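Chemist: Using the sequences and the accompanying hints, generate a full structural model.
Spelled out from the first residue to the last, the chains are:
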Amino acid sequence: AQKVTQAQTEISVVEKEDVTLDCVYETRDTTYYLFWYKQPPSGELVFLIRRNSFDEQNEISGRYSWNFQKSTSSFNFTITASQVVDSAVYFCALSEKGTSYGKLTFGQGTILTVHP
Amino acid sequence: KAGVTQTPRYLIKTRGQQVTLSCSPISGHRSVSWYQQTPGQGLQFLFEYFSETQRNKGNFPGRFSGRQFSNSRSEMNVSTLELGDSALYLCASSLYLTGANVLTFGAGSRLTVL
Chain A
1 AQKVTQAQTE ISVVEKEDVT LDCVYETRDT TYYLFWYKQP PSGELVFLIR
51 RNSFDEQNEI SGRYSWNFQK STSSFNFTIT ASQVVDSAVY FCALSEKGTS
101 YGKLTFGQGT ILTVHP
Chain B
1 KAGVTQTPRY LIKTRGQQVT LSCSPISGHR SVSWYQQTPG QGLQFLFEYF
51 SETQRNKGNF PGRFSGRQFS NSRSEMNVST LELGDSALYL CASSLYLTGA
101 NVLTFGAGSR LTVL
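First to last, the sequence lines map onto chains A and B. Residue numbers are given in the working numbering: position 99 of the first sequence equals residue 99, and the series is strictly consecutive. Residue numbers are given in the working numbering: position 36 of the second sequence equals residue 36, and the series is strictly consecutive.
Quick caveat, the hints were computed from the structure, so don't treat them as lab data. Quick caveat: nothing in here was measured; it's all calculated off a predicted structure. Please note that the accuracy of each hint is not assured.
Using C-beta positions, here's what the derived DEER-type ranges look like [said to hold, decoys possible]: (1) B:E52 x A:K3: 42 to 52 Å; (2) B:T14 x A:E15: 39 to 49 Å; (3) A:H115 x B:T80: 43 to 53 Å; (4) A:E26 x B:R9: 47 to 57 Å.
Here a beta-carbon is modelled for each residue, glycine too, at the ideal position from N, C-alpha and C.
Modeler: The structure is reproduced here in structure tokens:
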């Protein structure tokens, strides 16, 4: 069965610090997708990044970067030079070809607070 | 381009009542998924619809049901409400059922059961 674990329940940083959110996943499928979503106080989940199981290339997009390592089943997400507007709950999620791509398995979320 | 629209945004019900929540996907999106979010259980998958057919169902009792219409709009119904059904119900849409498609979420319907 698929599982996503976000060990960090809450993280507090001061503005301009870099912050890394950890995510570890379990799946038996060889084809899967990993996601990071952000949930601000308004409640709407906002898509941030996606990675498929065949592409371990790590990228940087603006202040966001991610480190996908299949060997350790980890998909960590880094925000560089954090800003107060980054304060939100961040969710790591997994979808599998064998189950259904409309079904995401979410981690428990990490509450990020960025102080001015 | 309008996003995913969920109605109502907030509602209060009492135990034993039933509730119907509505979701209008992004225009052109044919897949709709529903999720329940609670402080204790987090985000849990309820169902997934594509072309008016339920393609997948999460581990929820039969009191939770849903449907999708020919215009891709979807509704979910919870009958005989229990206190534990208090939650934020999120709807998400995507073009097709492929991994390349990202789920776009609505703002949710917050249900309080008294």
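Chemist: Next step is simple, just say for each hint if it's right about the structure.
Modeler: Taking the hints in turn, this is what the structure says about them:
1. Between E52 (chain B) and K3 (chain A), the C-beta spacing of about 31 Å breaks the proposed range 42 to 52 Å.
2. In this structure, T14 (chain B) and E15 (chain A) meet the distance hint of 39 to 49 Å, their C-beta atoms being roughly 45 Å apart.
3. Between H115 (chain A) and T80 (chain B) the beta carbon distance is about 45 Å. The supplied range of 43 to 53 Å therefore holds.
4. For the pair E26 (chain A) and R9 (chain B), the supplied restraint of 47 to 57 Å is violated, since their beta-carbon distance comes to about 35 Å.
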